[in-house]
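Engineer: Here are the chains, one letter per residue:
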Amino acid sequence: MITAKFSKIDYSRFLSHLDLQTIINRAIKRAGFIINYSQGFNPHPILKMSPPIPLGIKSSAEYFTTDIFVQDKGIFEEKIRDTLPKGIKIINTWQTEDQPKIAALSSAIGYSLNNLNRSIIRNILDEEESIISAFNRPPEEIKIMEDSGERLLIILPSGKNNIRIDTFISVLKEKFELSLKLTDVEKTILFLSHSNETINADKYLDFLSEKSFF
Amino acid sequence: MLSFDEILYLVEKPARYIGGEFGLPEMKEKYEISSCIVFPDMYEIGMSNLGIKILYNIINSIEGVVCERCFAPWTDMGILLKENLIPLMSLESKKPLKDFDFLGFSIQYELLFSNVLYILDLAGIPFKSTERDSSFPLLIAGGPCTANPEPFADFFDVICIGEGEEVIVKVAEILKKFKGNKNRILEECAIVEGLYVPSIHCEEGRTNKKLIHKAVVKDLNSAMYPSKPIVPNIPVVHDRPVAELYRGCYSNCRFCQASFFYRPIRKRDPEVLKKIILEMIDYSGTEEIGISSLSTGDYPCLGSLFSILLPEVEKRKVKLQLPSLRLDSFSPELIRNTRKTGSLTFAPEAGTQRLRNVINKNITDEDIDRTAKIAFQSGYKSVKLYFMLGLPSETEDDILGIAEIAKRIKRIYKEVTSKNDVNINISSSIFVPKPVTPFQWARQITQKEMIDKHFLLRKELKMIKGVNYSWSDENVSLLEGVFARGDKRLSKVIEEAYLMGAKFDSWNEHFNFDIWKDAFSKNNIDFEEYTSEKGLDDILPWSFIDFGVSDGYLKKEFQKSLVGVTTEGCRNECKGCGANRLGNCDTLGG
Chain B
1 MITAKFSKID
11 YSRFLSHLDL
21 QTIINRAIKR
31 AGFIINYSQG
41 FNPHPILKMS
51 PPIPLGIKSS
61 AEYFTTDIFV
71 QDKGIFEEKI
81 RDTLPKGIKI
91 INTWQTEDQP
101 KIAALSSAIG
111 YSLNNLNRSI
121 IRNILDEEES
131 IISAFNRPPE
141 EIKIMEDSGE
151 RLLIILPSGK
161 NNIRIDTFIS
171 VLKEKFELSL
181 KLTDVEKTIL
191 FLSHSNETIN
201 ADKYLDFLSE
211 KSFF
Chain Z
1 MLSFDEILYL
11 VEKPARYIGG
21 EFGLPEMKEK
31 YEISSCIVFP
41 DMYEIGMSNL
51 GIKILYNIIN
61 SIEGVVCERC
71 FAPWTDMGIL
81 LKENLIPLMS
91 LESKKPLKDF
101 DFLGFSIQYE
111 LLFSNVLYIL
121 DLAGIPFKST
131 ERDSSFPLLI
141 AGGPCTANPE
151 PFADFFDVIC
161 IGEGEEVIVK
171 VAEILKKFKG
181 NKNRILEECA
191 IVEGLYVPSI
201 HCEEGRTNKK
211 LIHKAVVKDL
221 NSAMYPSKPI
231 VPNIPVVHDR
241 PVAELYRGCY
251 SNCRFCQASF
261 FYRPIRKRDP
271 EVLKKIILEM
281 IDYSGTEEIG
291 ISSLSTGDYP
301 CLGSLFSILL
311 PEVEKRKVKL
321 QLPSLRLDSF
331 SPELIRNTRK
341 TGSLTFAPEA
351 GTQRLRNVIN
361 KNITDEDIDR
371 TAKIAFQSGY
381 KSVKLYFMLG
391 LPSETEDDIL
401 GIAEIAKRIK
411 RIYKEVTSKN
421 DVNINISSSI
431 FVPKPVTPFQ
441 WARQITQKEM
451 IDKHFLLRKE
461 LKMIKGVNYS
471 WSDENVSLLE
481 GVFARGDKRL
491 SKVIEEAYLM
501 GAKFDSWNEH
511 FNFDIWKDAF
521 SKNNIDFEEY
531 TSEKGLDDIL
541 PWSFIDFGVS
551 DGYLKKEFQK
561 SLVGVTTEGC
571 RNECKGCGAN
581 RLGNCDTLGG
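If you're matching them up, the sequences are chains B and Z in order. For the first sequence, my numbering begins at 1 and goes up steadily by one. For the second sequence, my numbering begins at 1 and goes up steadily by one.
Chain B on its own, in the form it takes in the complex:
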């Protein structure tokens, strides 16, 4: 099993979840790897993706898992680099014995709000409580934090209590009259809920790949 963390930036952020599945399957085949197929009536290549995000949101924390065997994950990274469309970049890969359960375990997503000026950042932080209460959720489910540079980090629940980032932004725009653009949003962290802890998906994959080979 190979799991790759990838980014979709520039115009590739307009590629849908479903289209990306086809794109990645084809990219793996182009790179010369043979993907294991599922058993059953309609066999299809085994490919698992992290949960979908709204169309048009940049991301530097997408994941896919594919059932291929490679001697060295470095070779995989090197070969697939040239077979993906523009804007899709592999950031890291992990080789594991078991199939990581990224989609099932995902519990929250961290989004960066970029290109903000000081006054908007102040504005949002001042309104934090009323913003969170606008969603009628337990307060711990939504977090708004100042990040380095002119940025904010927003953490929203994923999975069955999912709050869509585009919904969140439009609430901020309408109710609080903030000028925000979806072009300035980027998904930067995927959090998983693992053994009663919330951890970065990267950590989980580190753990899983160490368990597999040491």
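If you are wondering where the hints come from, they were derived from the structure by calculation, not from laboratory data. Here the structure is a predicted model, which means the values were calculated and not measured. Note that the Cβ used here is the ideal one computed from N, Cα and C, for glycine as well. Accuracy of the hints is not assured; some may be wrong.
What the simulated footprint calls covered on chain Z by chain B, stretch by stretch (three residues with Cβ under 8 angstroms from a Cβ of chain B suffice, anywhere in the stretch; the number is not a length) [unchecked claim]:
no., stretch
1, 1–10
2, 21–28
3, 232–245
4, 270–284
Chain B is faced by these chain Z residues, among others (derived, beta-carbon under 10 angstroms) [claimed, not checked]:
no., residue
5, 17
6, 287
7, 316
The calculated SDA-like cross-link candidates involving lysine to any residue, where the alpha carbons are at most 25 angstroms apart (straight line), are [what the hints assert, rightly or not]:
no., chain 1, residue 1, chain 2, residue 2
8, B, 86, Z, 23
9, Z, 317, B, 42
10, Z, 95, B, 10
11, Z, 275, B, 32
12, B, 48, B, 78
13, Z, 315, B, 68
14, Z, 459, Z, 423
15, Z, 319, B, 34
16, Z, 95, Z, 4
17, Z, 560, Z, 443
18, Z, 30, B, 87
19, Z, 560, Z, 364
20, B, 79, Z, 282
21, Z, 319, B, 41
22, B, 181, Z, 1
23, B, 73, Z, 282
24, Z, 13, B, 52
25, Z, 228, B, 35
26, B, 86, Z, 57
27, Z, 319, B, 69
28, B, 89, Z, 287
29, B, 181, Z, 13
30, B, 48, Z, 239
31, B, 173, Z, 3
32, Z, 82, B, 183
33, B, 181, Z, 11
34, Z, 319, B, 38
35, B, 86, Z, 30
36, B, 175, Z, 6
37, Z, 317, B, 34
Given the coordinates of chain B, work out where chain Z should sit on it, guided by the hints.
Structural biologist: Frame of chain B, contents of chain Z only:
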């Protein structure tokens, strides 16, 4: 005002407009000439077209020349571009179309004419060649509609009649030399074989004199082929790379424009095809691969192609998709080796042997029965049958014959499977007399006749369980007929209709016949002038073009059709159509 990036959030399927697909060639940073291939229909249709893939590849390989792509933005995007004053741009570098040196339009179908103007409008380019000076890109048209370029000739500076592969290289060289001097460019283009320059070749009054000779590629084996195609990021209509087996057609169906337009017959050798196909599979990573030609079953080397290809294709877990198989070419082996879409398609075109003889579709009832039997034995439960209504000399019996075929197929299914659950889909289109065919002089039936024929067939087929019937729109059929044999006066009508809102006419939800009716009557033009029967000695709007096939041959075929005499296909013997004057024709006889 919103930016282009911002309006992408507001449109359906923004991926249509982003470019960046896998397989894009390295774009030259320094170049002398920039060009853009424009396909006047949406991305999903355009990216399925083989012609533009071929030309895109060739133009990008010319030193000092770059080529990009542009498709018709769907109406939601069109409105947003206009509202936000964003000019229509190319996919690759997002450069406004009006900033290119030349634009190559692919005109595939009569109902796309209004979309040519839709694109020019969005790009901020004046519609008429005479309204554009050297500061605008040179507009070139190509594609199957150039069999009769007159209805849209006023909009273009240059029209490439026939195959563009070699001609486009010459155009690029002319542009390199005379960039900025439109008059000189047009003069130079006018002497290139295959290029029609309306402003120069349109002297007062036409005769039957051949002023333009169709361009053909002499040898397909050495011609450049896009074996490393762009792989679209979103599903397109034909979501697979395609290898072209041969050009032209060995059959002589008298209604078929493609058969006569693409002569002489030139084939690719199996070894060349094998190389192309395996390269396409490995490069594209797609699940399917297609092979294409006007009648794949007639490709003389199909057996040897399959024997060298199939083991390799199976090893790569790829499915082979075979379109357009003529019924009489089906063999059990062929059916076994193709992708099972669950439905088998064939096109008898007419309901009786008599009428099939008239149109020279040399298929017998026994052929139909045998094919259906083989198909059902290999597990097919569903068949699709294509027919044409309104063919020359058609009677009620010919229409009832379609229902008879459906009944027979149903019976054969029962005999083979002992079941009744067969699915027979019958669809009919209205016969359109096309230029460069023996029927170019024939009349197209009136809308009243179309309606009556549809009613009759619908009534007959309703009585057979398991049969679904679909038929083409009478208004669309009429317009197809008018434009197919239209002349220069129609450019005014097209412009009028566009200004009244006509666009995406090939899409049901956008087609508005009232607009077209208005546009014709405003210009005092009767549909019937174009749909009526022509005299054999009339000067037709396309008479000034030499397509290779001689007028004499077409007349002879037309006269044979009147008495129901058939002409064999070209595989065993050359029938003397004349196309071999343009290049070696691959019939065994000639």
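Engineer: With reference to the structure, classify each hint as holding or not holding.
Structural biologist: Consistency of the hints with the structure:
{"no.": "1", "hint": "1–10", "verdict": "holds (count 4)"}
{"no.": "2", "hint": "21–28", "verdict": "holds (count 3)"}
{"no.": "3", "hint": "232–245", "verdict": "holds (count 3)"}
{"no.": "4", "hint": "270–284", "verdict": "holds (count 3)"}
{"no.": "5", "hint": "17", "verdict": "8 angstroms, holds"}
{"no.": "6", "hint": "287", "verdict": "8 angstroms, holds"}
{"no.": "7", "hint": "316", "verdict": "8 angstroms, holds"}
{"no.": "8", "hint": "B/86 x Z/23", "verdict": "10 angstroms, holds"}
{"no.": "9", "hint": "Z/317 x B/42", "verdict": "14 angstroms, holds"}
{"no.": "10", "hint": "Z/95 x B/10", "verdict": "17 angstroms, holds"}
{"no.": "11", "hint": "Z/275 x B/32", "verdict": "18 angstroms, holds"}
{"no.": "12", "hint": "B/48 x B/78", "verdict": "21 angstroms, holds"}
{"no.": "13", "hint": "Z/315 x B/68", "verdict": "17 angstroms, holds"}
{"no.": "14", "hint": "Z/459 x Z/423", "verdict": "18 angstroms, holds"}
{"no.": "15", "hint": "Z/319 x B/34", "verdict": "16 angstroms, holds"}
{"no.": "16", "hint": "Z/95 x Z/4", "verdict": "12 angstroms, holds"}
{"no.": "17", "hint": "Z/560 x Z/443", "verdict": "17 angstroms, holds"}
{"no.": "18", "hint": "Z/30 x B/87", "verdict": "23 angstroms, holds"}
{"no.": "19", "hint": "Z/560 x Z/364", "verdict": "19 angstroms, holds"}
{"no.": "20", "hint": "B/79 x Z/282", "verdict": "14 angstroms, holds"}
{"no.": "21", "hint": "Z/319 x B/41", "verdict": "17 angstroms, holds"}
{"no.": "22", "hint": "B/181 x Z/1", "verdict": "14 angstroms, holds"}
{"no.": "23", "hint": "B/73 x Z/282", "verdict": "21 angstroms, holds"}
{"no.": "24", "hint": "Z/13 x B/52", "verdict": "16 angstroms, holds"}
{"no.": "25", "hint": "Z/228 x B/35", "verdict": "22 angstroms, holds"}
{"no.": "26", "hint": "B/86 x Z/57", "verdict": "19 angstroms, holds"}
{"no.": "27", "hint": "Z/319 x B/69", "verdict": "24 angstroms, holds"}
{"no.": "28", "hint": "B/89 x Z/287", "verdict": "23 angstroms, holds"}
{"no.": "29", "hint": "B/181 x Z/13", "verdict": "19 angstroms, holds"}
{"no.": "30", "hint": "B/48 x Z/239", "verdict": "22 angstroms, holds"}
{"no.": "31", "hint": "B/173 x Z/3", "verdict": "18 angstroms, holds"}
{"no.": "32", "hint": "Z/82 x B/183", "verdict": "21 angstroms, holds"}
{"no.": "33", "hint": "B/181 x Z/11", "verdict": "16 angstroms, holds"}
{"no.": "34", "hint": "Z/319 x B/38", "verdict": "17 angstroms, holds"}
{"no.": "35", "hint": "B/86 x Z/30", "verdict": "21 angstroms, holds"}
{"no.": "36", "hint": "B/175 x Z/6", "verdict": "21 angstroms, holds"}
{"no.": "37", "hint": "Z/317 x B/34", "verdict": "10 angstroms, holds"}
Checked against the numbered hints above, the structure breaks none of them.
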